[in-house]
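Asker: Chains as they are written, first to last, in my numbering: chain A, 1 to 157; chain B, 1 to 154.
Simulated from the structure, these hints should not be mistaken for lab results.
Quick look at which bits of chain B chain A covers, simulated, 3 or more residues with Cβ under 8 Å:
1. 50-59
2. 92-98
3. 131-137
C-beta atoms are modelled at their ideal positions from N, C-alpha and C, and glycine is treated no differently.
These are the residues of each chain, in order.
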Amino acid sequence: MTERREHPDDEMGLSVSPSFAEDLGAIFGPQGQVPEGIDRAVAEAARRHLCRQPRRLSWVRWAVAAATTAAAVIVWTVYVPAFRGPLPRAARIAAEMKRADIDRNGRVDIIDAFRLARHIESASPTKRKWDINGDGLVNRDDVDKVALAAVRLNKGV
Amino acid sequence: MMKRWMIVSLTGVCMATLLTATQVARAVRPTEPKVRFAPVHIYLDSGDKPLAAYQFELKATTGRIKIVGVEGGEHAAFKEAPYYDPAALAKDRIIIAAFNTGRDLPRGRTHIATVHLQILGDAEPEYELDLTVAADADGRELPAKLSLERGDTK
Chain A
1 MTERREHPDD
11 EMGLSVSPSF
21 AEDLGAIFGP
31 QGQVPEGIDR
41 AVAEAARRHL
51 CRQPRRLSWV
61 RWAVAAATTA
71 AAVIVWTVYV
81 PAFRGPLPRA
91 ARIAAEMKRA
101 DIDRNGRVDI
111 IDAFRLARHI
121 ESASPTKRKW
131 DINGDGLVNR
141 DDVDKVALAA
151 VRLNKGV
Chain B
1 MMKRWMIVSL
11 TGVCMATLLT
21 ATQVARAVRP
31 TEPKVRFAPV
41 HIYLDSGDKP
51 LAAYQFELKA
61 TTGRIKIVGV
71 EGGEHAAFKE
81 APYYDPAALA
91 KDRIIIAAFN
101 TGRDLPRGRT
111 HIATVHLQIL
121 GDAEPEYELD
131 LTVAADADGR
141 ELPAKLSLER
151 GDTK
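Kindly generate the complete structure, drawing on both the sequences and the hints.
Answerer: Encoded structure:
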């Protein structure tokens with residue numbers, strides 16, 4: 001442990017002449033009294049500035065809160081539904097079965113797949129709702145999807 | 001001396017416990033059921049009408065079976081493996097379906113599919129066949145008769 005030096009300048013033998021000390025005092029010493037009028041004006045300006053500051057801060061705070069709320073609402077309504085995860089299994093199967101009922105007789109069987117295959121092979125106009133797998137095309141993959149829905153053991157009922 | 005006796009007796013107790021446990025495990029282990037494999041050939045008789053599509057359900061009413069595979073029939077129109085739910089494999093119930101949009105379609109009694117089964121135990125299983133639908137080339141429903149034949153057991 002080292003001992004703390006109280007007056008290092010004394011130990012180093014540093015000293016200045018009185019005239020140099022006077023010059024330093026003239027440069028760095030107090031510059032005289034500030035007139036009372038100026039002092040008051042400065043204080044008044046500071047007071048005005050400090051009183052105005054909270055009002056502006058409060059406005060900024062409200063703006064930030066409103067923007068955050070708006071962003072949260074947008075994210076919730078636009079993006080969240082896409083990430084809410086799959087429908088419950090039974091509901092998903094029911095929706096799939098409804099789409100696969102090509103002839104709309106209330107039953108999904110191989111005749112639905114057969115009719116869809118015939119439509120595709122005859123090159124007659126296809127309906128958008130026959131895009132069972134949602135790939136933007138109506139083709140053999142959709143026929144397979146309907147046929148597999150027909151033979152599904154668990155039809156969600 | 002006492003310590004040695006303790007070690008010897010502890011070792012003896014351990015050996016006896018092990019032997020007893022092994023014998024008990026051997027005694028309670030259930031006997032493995034007898035397993036065999038057999039195909040079931042499915043036939044559909046559509047009379048004089050051409051058969052373009054069919055769907056049926058097969059299940060075992062008695063006996064213990066596991067479905068292990070499905071293959072198509074003999075006629076070219078239904079030679080490819082039919083549609084079925086893969087979840088039906090290793091179960092005792094299956095829905096099978098196929099269609100053909102071509103012109104060469106079978107008439108009369110036709111072998112439409114073969115289902116391969118694993119039969120557990122000695123009991124001969126009984127099956128139930130349920131025709132969901134059979135259709136002609138225009139997609140019109142047909143009256144048809146479904147039947148099965150048991151294949152050679154292995």
